[in-house]
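Undergrad: With chain A held as given, fit chains B and C onto it using these hints.
What follows is each chain in one-letter form.
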Amino acid sequence: MDLGILWYLVPSVLMFACGVYGFVTRKNLIAILISLELMLNAADLNFVAFNRYIFPGQMEGMIFTLFAIAIAAAETAIAIAIIINVYRAIGNTDINEIKKLKF
Amino acid sequence: MDITLPILILAIPISMFLILGIGGVKMSRKTAGVLGILGMGTTLTLAYTVAFTYFFSGDPAFIVDGVRQQLQVFDVTWLAFTDTLVVHLGFLLDPISAMMLVVITTISFMVHLYSWGYMEHEPGFQRYYSFLSLFSFSMLGLVVATNIFQMYIFWELVGVSSYLLIGFFYKLPSAVSASKKAFIVTRFADLGFLIGILLLSFYTDTFNFMELTHNPEGVLASTGGATFMGASVLTWALVLIYVGGMGKSAMMPLHIWLPDAMEGPTPVSALIHAATMVVAGVYLVARMFPVYLMEETALLFITCVGAITAFYAAVVACCQIDIKRILAFSTISQIAFMMVALGVTRPGLHDGMGYMSSMFHLFTHAMFKALLFLGAGALIHAVHSNNYTEMGGLRKYMPITHWTFLIGCLAIAGIWPFAGFFSKDEMLTAMFANNWIWGAWMTMVAGLTAFYMFRMYFMVFWWEENPHYKEHKPHDAPWQMSVPLIFLAAVSCVSGFIPFGELVTWNRLPYHIHIDPQVATTSLIIAAFGIGLAAWLFMKRNHKPAAMKNAMPGLWKAANRRFYWDEFYMFVTHKIIFNIFCRSIAWFDRHVIDATMDGFAKVTQKTSVAVKGMQSGSIQAYVVWYFLGAVAVAAITWICLL
Amino acid sequence: MDSVGNIVLYFVVAISMLVFSVMAVTSRKILRSATYLLFVLISTALFYFQLGYQFLGAVQIAVYAGGIMVLFIFSILLTHRPDDKSGKIESHRRIAGICASVLGAALLLGALFTMPVGAAGCSLTDVLAAGNCIDMQTIGHTLLGTDKFHYLLPFEAVSVLLLACIIGGVVVARKR
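Chains as they are written, first to last, in the numbering used here: chain A, 1 to 103; chain B, 1001 to 1642; chain C, 2001 to 2176.
Next comes chain A alone, as it looks inside the complex (with noise of 0.2 Å):
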């Protein structure tokens, strides 16, 4: 039995599916970045698998992980200051209760 490439595709398709139904479906906003970093994980893990498989001499598909980590890491930090700020405000986070942008 042999480990191709798709080994490692279908469980990032699985678990991208799963950030995208988080993402839709849950109110807290602290959950949606949660799934959010599923989504962006399942991305990461795409991007490897690529650079293994078809162009194992190189090394692009990883650096861009790397990059993409560390641009989560930023996403992430600016987006939980904004959910602090946010539960300040309102005195919780969820995203229903946000409306002041609304039309």
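Certain hints may be false.
Unchecked claim - Straight-line alpha carbon distances no greater than 27 Å define the calculated DSSO-like cross-link-like pairs of lysine-lysine that follow:
no., chain 1, residue 1, chain 2, residue 2
1, B, 1540, B, 1396
2, C, 2175, A, 27
3, B, 1540, B, 1473
4, B, 1544, B, 1557
5, A, 27, C, 2148
6, B, 1602, B, 1612
7, C, 2085, A, 27
8, B, 1557, B, 1470
9, C, 2085, C, 2029
10, C, 2088, C, 2029
11, A, 27, C, 2088
12, B, 1544, A, 27
13, B, 1575, B, 1602
Since the hints were made in silico from the structure, they are not lab data.
TA: Showing chains B and C alone in chain A's frame:
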């Protein structure tokens, strides 16, 4: 002829207009007034130089074997639309344009000087002077036009300056509506003028006056005998061009704007609505006269319109109270006189003296009518009212105004030796020569003229003193206003002795004026009768005028209301045009065009209300739609690639 | 042919990854969600190790599982009481979520299984055996080099970005 002077004659007024118009707000009144007067004075000197050189130098460029020459001092291409449709701007020097230069610059200079006193305390003094300069420029450009298109351009320019000056007191609603009325009525007439120009130039391929008038037979031939509705095309063209003249010269039925134009400052009335702009129609016919001679129908039309207008205006003038309105109707009547004199002119009748007399009357009328208007201005200045009912017995208080006004009245009534006698006598002779009906009719109008002028004179200067004089004593005007009065009165006394026939005739050959004793006596007797009647009725306060008025209340009221012409126009415009045409158009606009637009708006609004739920502000909903969209795009791409 | 150990490791990691993914997005207790996310991240790191990217796996654990998770935990503790439970998911949301995820997954899986696998189908052992494992020295040179296919500029850009994030985070979250 050197082109410097002609160019300067046009350039000085327009540059004055620009200087005073742009820099006026920074100037004091005195600077603006002195600048305007100096500019006009220079123009006056130059115009006199040009005119006197033309008439009296005997230079072969101007007169050959006794025939005065027409010459284009310059004629530059201005707009070349196509090879054949080219518009020129130039300076045409011939007897009538030289005469008009003198008339315009003289009156304009007098009015500039007079306004310095008259308008002294009015706001917008600088604006007033700049508009006066614009008018002078436009009128000078009109008379020296070398082609009919240039004349049309300046024709519109005088219309616009007239509009600006009538509406000078733009805070008065009456002045605003009067200026609009003047502009719209004359514009309406100018439409006829434009069509006439196009018609004429379509057949003749030229706008140039010299080409048209030196070969009138060619003009007639070029139409090739084409007719329209029973009249030849040339008749139509000439009548339509004359319609433009009717508008500017306030002939019936387009006269309604001129009495209202008296809302403007009085010096403006003297300059524009008595002496210069309103005679543009006469000038236009005179300018095209050899072509008009080709079509007797057009001349007959001019004569009829003139005769009816002259009588109508004279009757109305008898029943007005506002002295400026009386003078306005008198102007209409006198211009109609000139029109009739032009209309009856035939080369075979006294060598076409009607044309000469018409131009002569244009000249003398400009002088004495400007004098009368300026005198009326002095009266209004003193009494602060336009109505003679507020005046009376003023001869003791305002001697200068009284004597100059009397001279003006005598001149217009046609009493020897004042200017009006000579020109009117020549005109009547020409009319009798054509047909005794015209002569008799116009002699009657001349009698009416004497009557209504002296009615006004007696009501203003004799009759009974207004009790208000004790509180506010009227006095003569300041020197700026008196000098023009005295000058114009002097001109009105002597200008009848100018050998006008030697200078201006239709074929530019000299014509020796001789007084026809029969006509002269008749008109003198009629004028004296009119004056006597006026004196009998109005010299001392009595009940005769009131009794006469009460004997025929309907007639008096109708004449006072100008025979309901304005009401007729109001009826036509408001009841017929506005109600029937405009209302249906407005209905169409509101219910079809606007409704379509409203429909678009409503559909858009409904749609957006319907779809605005999609813009919920919920990021998750957006993500669902976005994601499903992406999936759909990917699926479609994939299916296509399979 | 891959070793049995590799295959067993793969299944353990893959199954835990999927299970924890599902639990992370369905758990109604937010702190548990975060914990499950941590397990997912560690699983991913294990995959990286298995694929021969030791450095990347280390970064994943250090930055993601270490740094970011700490942020999550802190923020959760700041904004929630320990026994908070999020409310039930409304049915239309659930339907929308399931639709989107299932459709997306179906499309992607369909695409994956129909793609011509070719050389990519070879075993993990083969691709690793070819001496393709990257050592730390190469990574360092690549990240900080200025030649072609070197990444100094993006590296600096990311460092500036992170600095901006630090400042931004402080500014946004501080009490006014």
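Undergrad: So, for every hint listed, does it hold in this structure?
TA: We went through each hint and held it up to the structure:
1. 1540/B x 1396/B: Distance ~15 Å between residue 1540/B and residue 1396/B Cα, so the pair holds.
2. 2175/C x 27/A: 25 Å, holds
3. 1540/B x 1473/B: 21 Å, holds
4. 1544/B x 1557/B: 17 Å, holds
5. 27/A x 2148/C: Distance ~46 Å between residue 27/A and residue 2148/C Cα, so the pair is violated.
6. 1602/B x 1612/B: 15 Å, holds
7. 2085/C x 27/A: 11 Å, holds
8. 1557/B x 1470/B: Outside the cut-off at roughly 33 Å; violated.
9. 2085/C x 2029/C: Measuring from Cα to Cα gives roughly 5 Å; hence the hint holds.
10. 2088/C x 2029/C: 11 Å, holds
11. 27/A x 2088/C: Roughly 10 Å between the alpha carbons, so the hint for residue 27/A and residue 2088/C holds.
12. 1544/B x 27/A: 104 Å, violated
13. 1575/B x 1602/B: 35 Å, violated
Figure legend: structure checked against the earlier numbered hints; hints not met, in rising order: 5, 8, 12 and 13.
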